[in-house]
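Engineer: Now for the letters of each chain:
Number of protein chains: 2
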Amino acid sequence: MSASPPESQRKIRLRQFMRDIWDEGRVELCSVYIAPSYHVRHDPGDPWDGEILDLVGYERRLLASRAAFPDQKFALVGLLEDGGAIAVHWFWQACHSGEIGGFAATGKTIRMSGATVYTFDLLDRLTGHWQIADRLGVFQQLQRNREQD
Amino acid sequence: MSASPPESQRKIRLRQFMRDIWDEGRVELCSVYIAPSYHVRHDPGDPWDGEILDLVGYERRLLASRAAFPDQKFALVGLLEDGGAIAVHWFWQACHSGEIGGFAATGKTIRMSGATVYTFDLLDRLTGHWQIADRLGVFQQLQRNREQD
Chain H
572 MSASPPESQR KIRLRQFMRD IWDEGRVELC SVYIAPSYHV RHDPGDPWDG EILDLVGYER
632 RLLASRAAFP DQKFALVGLL EDGGAIAVHW FWQACHSGEI GGFAATGKTI RMSGATVYTF
692 DLLDRLTGHW QIADRLGVFQ QLQRNREQD
Chain G
572 MSASPPESQR KIRLRQFMRD IWDEGRVELC SVYIAPSYHV RHDPGDPWDG EILDLVGYER
632 RLLASRAAFP DQKFALVGLL EDGGAIAVHW FWQACHSGEI GGFAATGKTI RMSGATVYTF
692 DLLDRLTGHW QIADRLGVFQ QLQRNREQD
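Residue numbers (my numbering), protein chains in the order written: chain H, 572 to 720; chain G, 572 to 720.
Careful, some of the hints might be misleading.
Since the list can't tell identical chains apart, any single copy or any two copies may satisfy a pair.
Claimed, not checked - SDA-like, lysine to any residue: derived pairs with alpha carbons at most 25 Å apart:
id	residue 1	residue 2
1	K644	H613
2	K679	E622
3	K679	L624
4	K582	A656
5	K582	G654
6	K679	Q712
7	K582	G673
8	K582	Q719
9	K679	G628
10	K679	L694
11	K582	G649
12	K582	L647
13	K679	H613
14	K582	D653
15	K644	L707
16	K582	F691
17	K679	L707
18	K582	Y689
19	K644	E670
20	K679	N716
21	K582	G669
22	K582	H613
23	K582	L600
Rather than coming from a laboratory, the hints here were simulated on the basis of the structure.
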């Protein structure tokens, strides 16, 4: 077995960002991680798909996105860094605790997988992302849970 | 403006693979690109999700996957190479020319986006992938086209 090289500063920072911001919802830390201008380059299904957000806009997106899933957790499968960007592929799970897309809360666990490419500025702050998530899988779980309720 | 470094051999080869195998459907070239054992690690919605395929199995997957979309084309947005793997994010489009998932052919263009992480053996042959595609977007297009027909 060969030892893996230590992770880069950017990878360590991206892991911290995912935990502080998206797992724990610490809105007050957004200014540490997010550049003054953040581009949601591609994120089908996200209400901010295509938009350029300032810090307040990003904080609003974070609050809205976590509202139905306040205990959400990301498990990062792998991070690939190249040309100043990092691609991360991930699993996600959360308790469905609030209304989303017309589906009332059921208290059941929802699972999702996805992949995101993040870009950075010279201060290692995030300047945007390109993301795909398995939305059909989530939709099918929400439908199944509603039928079983 | 700074010039980009030249692409690695693996990136060039992955672009050729996407064109020869998935855009053009050249089944006879699978043995050039695919390792004797290929692991579909994660690919929700793919009938071979989780399976380990030999070359014949991979060729069968290629033929089945392209059957409804014989003119499909991938447009690669970016490739990130790290630790022997390559993450690629992409757009795809195709004419819906055959039955798929209960949806009859309409002749209309279907669009999709996704992200894939590929792994390689020492001969630069592909040993597997982890993939997410925006299946909900495709499902919505198929439904809309059926209603309009």
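Engineer: Using 25 Å as the alpha carbon limit, work out where K582 and L647 are close: within a copy, between copies, both or neither.
Structural biologist: Both. Shortest intra-copy (11 Å) and inter-copy (24 Å) distances satisfy the 25 Å Cα cut-off.
Engineer: Check K679 against Q712 for me: Cα-Cα at most 25 Å, and say if that holds within a copy, between copies, both or neither.
Structural biologist: within (9 Å within a copy, 29 Å between copies)
Engineer: Checking an output row: K582 and G654, CA cutoff 25 Å. Within, between, both or neither?
Structural biologist: both (13 Å within a copy, 13 Å between copies)
Engineer: When no copy is named, should K582 and D653 be tagged within, between, both, or neither for a Cα gap of at most 25 Å?
Structural biologist: both (11 Å within a copy, 12 Å between copies)
Engineer: Is it within, between, both, or neither for K582 and L600, if the alpha carbons may be no more than 25 Å apart?
Structural biologist: Answer is within; shortest intra-copy Cα gap is 18 Å, inter-copy 36 Å.
Engineer: At most 25 Å between C-alpha atoms: does K679 with H613 qualify within a copy, between copies, both, or neither?
Structural biologist: Between copies only: 23 Å across chains, 29 Å inside a chain, cut-off 25 Å.
Engineer: Indicate which option fits the pair K582, G649 if close means a Cα-Cα distance not exceeding 25 Å: within, between, both or neither.
Structural biologist: both (10 Å within a copy, 19 Å between copies)
Engineer: Can you give me the call for K582 and G673, within, between, both or neither, at a CA distance of at most 25 Å?
Structural biologist: neither (36 Å within a copy, 43 Å between copies)
Engineer: Is it within, between, both or neither when you check K644 against H613 at 25 Å Cα-Cα?
Structural biologist: both (22 Å within a copy, 19 Å between copies)
Engineer: Regarding K679 and G628, is the shortest C-alpha distance of 25 Å or less found within a copy, between copies, in both, or in neither?
Structural biologist: neither (30 Å within a copy, 37 Å between copies)
Engineer: From the Cα coordinates, with 25 Å as the cut-off, is the pair K582 and F691 best called within, between, both, or neither?
Structural biologist: both (11 Å within a copy, 22 Å between copies)
Engineer: As a check of your reading, is K679 near L624 (CA-CA no more than 25 Å) within one copy, between copies, both or neither?
Structural biologist: Neither: 32 Å inside a chain and 34 Å across chains, both beyond 25 Å.
Going down the numbered hints, you'll see the structure goes against 2, 3, 7, 8, 9, 10 and 21, while the others check out.
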